[in-house]
Structure formats: structure tokens, C-alpha cells
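*Asks:* Modelling step: build the complete structure from the supplied sequences, incorporating the hints.
Given next are the chains, with one letter for each unit.
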Amino acid sequence: METTIERTFDKCEELIADLEFTAVRQWKAEHPGARAIAYFPVYAPAEIIYACGMLPVGLTGAGDQLDIQHADARFGSFICSIVKTTMELGLTGRLDPFDGFLFSSICDSARNLCFVLKRSLPGRYIDFLHLPHNSATPATADFLTSEYRRLIASLIQLNGGGFSEDRLRESIALYNQNRALLRQLSRLRAEQPHLLRASELYLLLRAGNLLPVETHTELLRQVLAGLPARSAKPRDSLRVMVEGAFCEQPPRELIRLMEEAGCYIVDDDFVLGRRWFSDDVPTDGDPVAALAESYVSRAVYSSVRHDPARPRTAGLVEKVRRAQAGAVIFLIAKFCEPAYFDYVLFKRELEGLGIPHLLLEFEEKTFTFDRVRTEVETFVESLMFV
Amino acid sequence: MTAKHEYRGQIHQRQKQLMLDWYERLEQSAATGRPPAVSLMISGNCVELLQAFDAVPIYPEINALQLAIRHQSLEPILAAEDLGYAADNCAYVKADIGAYLKGLTPTGSRLPQPALVLCNFVGCNTYLKWFEHVAAFTGARLYTVDVPFLREDEPTAADVQYVVRQLKELVPVLESISGCRFDLERFREAVRCSARVEELWSRIKHLARRSPSPFDAYFDAITLMGPLYVYRASQEGVEFFEVALRELQEKVANGEGVYDQEKFRVVMEGPPPYPYFRTFRDMFAQWKACAVASTYSTVGGLWEFGFRHDPDKPFESVAMHMLAQNVTNRNYLQRYEQIKRY
Ligand code: SF4
Ligand code: SF4
Chain A
1 METTIERTFD KCEELIADLE FTAVRQWKAE HPGARAIAYF PVYAPAEIIY
51 ACGMLPVGLT GAGDQLDIQH ADARFGSFIC SIVKTTMELG LTGRLDPFDG
101 FLFSSICDSA RNLCFVLKRS LPGRYIDFLH LPHNSATPAT ADFLTSEYRR
151 LIASLIQLNG GGFSEDRLRE SIALYNQNRA LLRQLSRLRA EQPHLLRASE
201 LYLLLRAGNL LPVETHTELL RQVLAGLPAR SAKPRDSLRV MVEGAFCEQP
251 PRELIRLMEE AGCYIVDDDF VLGRRWFSDD VPTDGDPVAA LAESYVSRAV
301 YSSVRHDPAR PRTAGLVEKV RRAQAGAVIF LIAKFCEPAY FDYVLFKREL
351 EGLGIPHLLL EFEEKTFTFD RVRTEVETFV ESLMFV
Chain F
387 MTAKHEYRGQ IHQRQKQLML DWYERLEQSA ATGRPPAVSL MISGNCVELL
437 QAFDAVPIYP EINALQLAIR HQSLEPILAA EDLGYAADNC AYVKADIGAY
487 LKGLTPTGSR LPQPALVLCN FVGCNTYLKW FEHVAAFTGA RLYTVDVPFL
537 REDEPTAADV QYVVRQLKEL VPVLESISGC RFDLERFREA VRCSARVEEL
587 WSRIKHLARR SPSPFDAYFD AITLMGPLYV YRASQEGVEF FEVALRELQE
637 KVANGEGVYD QEKFRVVMEG PPPYPYFRTF RDMFAQWKAC AVASTYSTVG
687 GLWEFGFRHD PDKPFESVAM HMLAQNVTNR NYLQRYEQIK RY
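Heads up: the sequence lines are chains A and F, in that order. Taking the working numbering, the leading residue of the first sequence gets 1, the next gets one more, and so forth. Taking the working numbering, the leading residue of the second sequence gets 387, the next gets one more, and so forth.
These are computed hints drawn from the structure, not numbers from a lab. It cannot be assumed that every hint is accurate.
List of simulated lysine-lysine pairs, DSSO-like, C-alpha gap at most 30 Å [to be verified]: (1) K334(A) with K118(A); (2) K649(F) with K726(F); (3) K365(A) with K334(A); (4) K28(A) with K11(A); (5) K488(F) with K334(A); (6) K233(A) with K319(A); (7) K402(F) with K637(F); (8) K488(F) with K347(A); (9) K726(F) with K118(A).
Short derived list, chain A residues pointing at chain F, Cβ under 10 Å [as the list claims (entries may be wrong)]: (10) D127; (11) P132; (12) S135; (13) F143; (14) T145; (15) E147; (16) V304; (17) T313; (18) K334; (19) L345; (20) R348; (21) L359.
A few chain F residues that don't get close to chain A, going by computed Cβ distances all over 10 Å [unchecked claim]: (22) P657; (23) F663; (24) D668.
Quick caveat: nothing in here was measured; it's all calculated off a predicted structure. Positions of the beta carbon are idealized from the N, C-alpha and C atoms, including for glycine.
*Replies:* Printed below as a string of C-alpha cells:
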């Protein structure tokens with residue numbers, strides 16, 4: 001019999017498969033006059049959007065359900081799927097429920113997508129946030145605070161008001177709660193990976209991109225409460241950490257396949273933007289500055305954030321150790337420059353420490369499941385049965 | 387057949403000499419540690435600040451393209467791919483890193499270890515990765531000047547302030563690697579030289595409006611870009627561009643062009659295919675197609691539209707240059723406008 005938890009997962013799966021953004025349309029119907037703002041991954045200060053009375057929605061491409069008919073004419077062939085499918089969603093009217101779009105300085109493809117989309121959707125509010133790449137100076141938090149204030153001013157203009165610092169504090173508190181639950185779930189997953197599989201946590205994370213934060217928090221609470229009663233049994237699996245899928249999201253099938261091939265995915269970077277901070281953003285003092293300051297000093301490491309003071313190689317190793325993973329699987333979106341560049345230094349670091357790794361590539365439309373299965377099985381066997 | 391039209395006047399000779407001198411300084415730095423060498427990107431950089439400390443820039447991009455022109459990049463690229471670089475990663479990075487690890491240099495002379503890896507991040511995110519990797523492989527100190535992308539028409543006041551603060555933070559870093567104290571007057575002097583070179587360069591660029599154009603604003607501009615980037619902030623740069631302008635003005639006065647009869651006047655977008663540079667150029671020459679403008683020649687700076695460094699506001703104008711006055715840090719819509727303007 002299907003349990004409540006499984007029903008929740010099914011609902012999440014439906015939600016993320018819906019390219020018409022019905023949930024967003026519904027929210028707008030229930031909140032007449034309110035706006036929805038879509039942000040491109042990896043990270044966006046959703047707290048700010050929410051504090052303006054708007055619904056922040058994280059974009060995640062189109063999975064394997066959309067044929068590219070228009071976007072190919074606007075980009076070279078060497079561009080990742082999410083950039084193309086986002087463009088295609090825009091050109092086919094599926095992004096119409098959104099009143100605005102936010103992009104940021106994560107990579108060259110995303111940066112250019114912002115302005116190509118601007119040209120294709122004239123009149124729509126499309127903004128580009130410069131998320132800083134030098135966290136080693138006190139100037140950075142000040143700059144980002146101004147950048148966030150610029151965003152707030154634009155959103156106020158779009159909305160005709162609605163923002164206050166108190167509302168931002170409340171919004172930060174709501175997102176803190178949400179992230180704390182996600183951290184709790186992640187921890188539990190690392191400790192008892194048979195109770196909550198990565199392919200399930202993935203659904204919860206993806207759903208978080210689409211739901212209002214309180215609704216999502218409630219959903220996480222229910223799942224957390226229901227987990228101990230699950231009747232799953234531990235099995236002999238290799239504890240691995242997955243790295244590299246922080247922006248474009250792999251097909252869920254691929255994650256399941258890795259699990260079936262004998263992996264416990266004890267940590268990963270799926271939908272990383274929803275778990276951007278390693279602890280709570282302060283809710284006292286200037287909330288805009290608190291968010292900016294948190295970006296500089298509380299953010300998790302990511303291939304799209306550059307902080308010379310805290311190398312990402314160190315972040316990776318620390319994460320492997322924390323999760324007690326025996327190996328790393330790099331799961332990288334085809335043509336994802338930030339991930340592929342980082343792979344070079346990550347690989348060097350892991351090899352130096354004798355931590356085994358495997359490199360896999362995916363696209364939103366992946367056709368090579370069988371090959372991947374064989375690769376993962378061989379990898380697992382080579383490490384588990386020696 | 388009238389292929390291979392390049393003027394071989396003084397400009398060509400002097401350009402060669404200046405670039406040789408630069409490689410010699412780099413070799414000297416490799417041998418003695420003096421002058422200190424600083425890795426830097428071409429686009430939207432702060433070479434003026436290096437000049438104030440008499441540091442010599444190493445441009446990994448120039449290494450990469452020189453290797454490509456000389457058909458020497460395949461070996462280092464393959465070596466880099468062995469390290470894990472992907473087939474689709476920017477080949478400049480792979481050529482540069484591979485060459486470093488294999489001890490290859492374009493001219494065969496030694497290149498120094500950088501005393502500082504200074505990433506002027508303007509637009510292209512590959513810069514960030516590239517310089518992190520240079521720092522990781524050489525063990526040198528990394529400083530990233532994070533330059534906000536030009537997301538609106540003009541930089542915001544906060545953008546300018548942010549870049550200025552980072553440039554000022556760089557001052558003690560440069561003091562420590564060079565052993566020299568910062569001298570504001572020397573910095574102003576470097577900025578003054580840049581302003582002068584920018585003026586001369588702009589006047590040269592505007593000569594391409596003449597028909598026939600006295601130089602090719604793509605292929606010949608690339609020849610001139612070497613001195614422009616290495617020597618912009620120095621007296622040598624000023625002298626070079628004075629001579630260059632004079633020579634090209636004379637050509638205009640004599641009615642001489644790249645081709646006696648231009649058949650096509652074209653605007654070029656994007657960098658040339660360096661491994662086939664010669665063939666590519668010959669192809670245009672066969673058609674007597676003369677470039678009269680190119681976006682590639684504005685990667686370093688957009689001075690032809692009027693911007694100049696300002697010795698009265700050295701930090702602010704260097705920041706403005708990095709933020710708004712190079713094609714790399716400008717958004718797609720602005721780059722599109724630039725082509726329309728040509
Ligand atoms: S998947 Fe990688 S390359 Fe594509 S938009 Fe995201 S970060 Fe950029
Ligand atoms: S601008 Fe292009 S060629 Fe230059 S570093 Fe960036 S990706 Fe490479």
C-alpha cells in the first residue's frame with residue numbers, strides 16, 4: 001500500500017514534470033495582482049522576492065519533455081541543455097505566468113542567455129544580478145548589499161510597493177526554517193540512506209523550487225515525521241557523494257539508476273541553491289546586509305562561486321569526509337564549463353588523497369542509461385568487492 | 387595575385403622589436419626574479435597599476451594565441467586533456483596550462499613564475515577558472531578583481547566603488563611583491579600614458595573610414611594590439627603609436643590603402659582562427675576584402691568611442707575602463723549595438 005510519504009513523492013514528481021507551471025498559475029489566481037518571478041539557477045535571494053509579496057520560482061529547464069524547435073537557432077551547439085530549454089520555454093509561451101526573470105553571473109552561457117532572452121521577450125522585467133567572485137575583501141558584502149537594494153528597488157517598481165525590512169526579516173526566518181529542515185533531512189539521509197534515498201530527497205528539493213516556502217516547509221515536516229516508520233531495509237551499498245549537478249538537473253531516472261547499481265548517495269549538490277547557506281542567515285540588524293554578508297561568509301562551496309580564501313577543493317574534501325563517503329561520482333551536465341573546469345582541480349585533489357572517483361555526463365535528455373549503468377556497476381564492484 | 391598585403395614599414399619593425407623586448411624582460415624576470423611578473427588578462431585590465439610598480443605583465447592569452455599561430459598548441463592541449471580538461475573547455479586555457487606543465491613557450495625563451503596571479507574578471511567566467519588553475523599549478527598567490535558585469539547602460543556608483551576598493555587593496559599586495567612603495571605620481575604617469583596611447587589608437591582606428599583604408603582594422607589591428615596591451619601605460623607605447631599614426635596618415639595622404647581597390651569593406655566580429663591565421667588572412671586578401679572595424683580589436687578597450695583614462699582620477703578611471711570600456715564586460719545587447727554602430 002502506498003504510504004503518505006510515497007504519495008508526497010508522487011505529488012512532487014507531478015509538480016516538477018508540469019512544464020505549464022500550473023502551480024504557479026494557481027498561486028497567481030489565488031493572489032490576484034501578485035507577481036511571480038522566475039530565477040535561473042544556481043542561487044538567487046528568494047527571500048527578497050518573497051518579501052515583496054511575490055512568488056519566487058526556481059527554473060530547472062524542461063527535463064526530457066520538450067523538443068527544441070526555436071532555441072537552437074539562437075545558440076551554438078556547444079551549450080548546455082538548461083540554457084536551451086529555458087529559452088525554448090520562453091519562446092513557446094510557457095514562461096508567460098512569470099512577470100520577471102532573474103539571472104546571475106554563474107557562467108558565460110547563463111549570462112548571455114539573460115540578454116538573449118531580453119531581446120526575445122521585450123517589455124518583460126529581466127534582471128541580472130552580479131553575484132560576486134571575490135569573497136576575500138570586506139568590499140564584497142557592501143557591494144552585494146547595494147546590488148540587492150538595486151534589485152529591491154526594481155521589484156518595488158514592478159509591484160508598486162509591498163516591501164519592508166520587517167517583511168524581509170520574516171521572509172529570511174521562513175527560509176531559514178526551510179533550509180534547517182533540508183539540512184536535517186540531508187543529515188538523516190547520510191546516516192540512514194535506506195530511509196530516505198537521494199532520488200527522493202531530489203524530488204523534495206525540486207518541489208521547493210516551485211512551491212511557496214511555507215507550503216514547502218510543511219511538506220518537509222510531514223516527510224521528516226513519517227520517515228522513521230518507513231519499512232526500508234539497509235542493503236550493502238557503496239557510500240558515494242555526487243558532485244557537479246548544481247545547476248542543470250539530471251533526470252531522476254539517472255539518480256535511481258545509480259542507486260540500483262549499488263550506490264548510497266550520501267551527499268550531493270542537486271538544486272544547490274535551495275541549500276545555499278550552511279547555517280541560518282541572521283534575522284537581526286539590517287536584513288539586506290545580512291543576506292549579502294551570508295553570501296560572502298555562509299555560503300556552501302560551489303563551482304559558480306569563487307572564493308580564493310576558501311578553495312573549493314577543500315570544500316569538496318570536507319563534504320566527502322562529513323558524509324563519510326568512500327567515493328565521488330562527478331555527474332556533470334554536458335557542456336557545463338564551470339563543472340568541467342573544476343573537475344580538473346577536484347580530480348587532482350582526490351587522486352592526491354586516494355579517494356576514488358568516476359566521471360559521468362548527462363543531458364536533460366539522456367539517452368545513454370545503459371552505458372551509465374554499466375559504468376556505475378563496474379565502479380561499485382571495483383570498490384566493494386576487492 | 388595580390389594576396390599578402392601588409393605594410394612592412396616602420397610599424398612592423400618596431401612592433402616586432404617591442405614584443406621581443408617584452409619577451410626579454412620576461413626572460414630576465416625568469417632568471418633573476420626582477421622585474422616581478424604578474425599574470426594578467428588582456429581585456430579590461432589594470433596594467434597601469436602594474437606599471438606604477440615596474441612589474442611586467444604575463445598574458446596567458448598571448449601565450450596561447452602565439453602557440454596557436456606557430457602550430458604548437460596541439461601537444462599542450464592534449465596534455466591538458468590528460469589532466470581532465472574537457473574537449474569543449476576553452477582551448478586557450480588548455481594550451482596555456484599544458485604549455486606551462488610541459489615547459490613550452492611560444493618563442494622558446496623562458497617564462498617567469500608569476501609573483502602574483504591577478505585575475506581581472508571582466509565578463510568571461512573562464513578567466514576566473516583559468517587564473518585559479520594558473521595559481522594552483524604555479525603555487526603563486528591569486529588576487530581576483532571582481533568586476534561587476536555591465537548589466538545596465540552604465541555602471542552603478544556601487545560598482546565603481548567596489549572596483550576602486552579592490553584596486554586599492556591590490557596596492558599593498560603589489561608593494562610586497564615588488565618591494566617598491568606605491569607612488570601616486572608614477573601611477574598617474576602610467577594612466578597619462580594610457581590616455582595618450584588611447585587617443586593615438588583611436589585616431590588610427592578612425593583612419594579606416596577612408597577609402598581605401600590604410601590598414602585592415604582586423605588583421606593589422608591584431609599586429610598593433612601586442613604593443614597596445616603590453617606597452618599601453620608606458621612611454622614606449624606612446625612613442626610607438628605616434629610613429630604608427632604618422633605612418634598611416636602618410637599612407638592616407640598618398641592615397642595608399644591595404645588594397646588599391648577595395649572590393650569589400652567589412653566589419654569583423656570575433657577572434658580569428660589563430661591556427662590558420664595566415665590562410666584566413668589570405669582568403670580575405672584574395673577577395674580584396676578590407677576590415678574597416680572589428681569587435682575583437684576592442685577587447686582590450688573601447689577607446690574609439692571616446693573613453694580615456696584620466697590622470698586626475700587614476701583609480702576611478704581604471705575602474706571605469708574595467709567596468710564599461712571593454713567589449714568583454716558588455717552585455718550581448720550592447721555588443722550588438724556596437725556592431726550596428728559600425
Ligand atoms: S549547467 Fe553549467 S553551463 Fe549550463 S547554465 Fe548551468 S552553470 Fe552554466
Ligand atoms: S573570451 Fe573566449 S577565448 Fe577568451 S578566455 Fe573567455 S572563453 Fe576563452
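*Asks:* Please go over all the hints and tell whether each is borne out by the structure.
*Replies:* Checked hints:
1. Straight-line distance between C-alpha atoms of K334(A) and K118(A) comes to about 25 Å, which keeps the hinted pair within the 30 Å bound.
2. For a cut-off of 30 Å, the pair hint linking K649(F) to K726(F) stands: about 21 Å separates their Cα positions.
3. With a C-alpha separation of about 11 Å, the suggested pair K365(A) and K334(A) falls inside the 30 Å cut-off, and the hint holds.
4. Among the hinted pairs, K28(A) with K11(A) is consistent with the structure: their alpha-carbon atoms are about 20 Å apart, no more than 30 Å.
5. At most 30 Å may separate the alpha-carbon atoms for a hinted pair to count; K488(F) and K334(A) meet this at roughly 28 Å.
6. Straight-line distance between C-alpha atoms of K233(A) and K319(A) comes to about 25 Å, which keeps the hinted pair within the 30 Å bound.
7. Note on K402(F) and K637(F): the hinted pairing holds, with a Cα-Cα distance of about 21 Å set against a maximum of 30 Å.
8. Annotation: proposed proximity of K488(F) to K347(A) holds, straight-line Cα distance about 19 Å (limit 30 Å).
9. Annotation: proposed proximity of K726(F) to K118(A) holds, straight-line Cα distance about 18 Å (limit 30 Å).
10. Annotation: interface hint on D127(A) holds; nearest CB of chain F at approximately 7 Å, less than 10 Å.
11. For P132(A), the shortest C-beta to C-beta distance to chain F is roughly 5 Å, which falls under 10 Å, so the interface hint holds.
12. For S135(A), the suggested interface contact is upheld, since its CB lies about 9 Å from the closest CB of chain F, less than 10 Å.
13. Look at F143(A): its Cβ gets to within about 4 Å of chain F, closer than 10 Å, so that hint holds up.
14. The beta carbon of T145(A) comes within 8 Å of a beta carbon in chain F, closer than 10 Å, and the hint placing it at the interface holds.
15. This hint holds: E147(A) has a C-beta 7 Å from the nearest C-beta of chain F, less than the 10 Å allowed.
16. Nearest Cβ of chain F to the Cβ of V304(A): about 8 Å, under the 10 Å cut. The hint holds.
17. Evaluation of the T313(A) hint against chain F yields a held restraint, the C-beta minimum of about 8 Å falling below 10 Å.
18. For K334(A), the suggested interface contact is upheld, since its CB lies about 8 Å from the closest CB of chain F, less than 10 Å.
19. Given hint, L345(A) at the interface with chain F, holds; its Cβ is 6 Å from that chain's nearest Cβ, closer than 10 Å.
20. Restraint check, R348(A) versus chain F: the minimum CB separation of about 7 Å is within 10 Å; hint holds.
21. Taking 10 Å as the C-beta cut-off, the interface hint given for L359(A) holds, the closest approach to chain F being about 8 Å.
22. In this structure P657(F) is separated from chain A by more than 10 Å, as the shortest Cβ-Cβ distance comes to about 14 Å.
23. In this structure F663(F) is separated from chain A by more than 10 Å, as the shortest Cβ-Cβ distance comes to about 22 Å.
24. Residue-level check passed: D668(F) sits 26 Å from the nearest beta carbon of chain A, beyond 10 Å.
Hint violations for this structure: none, all hints satisfied.
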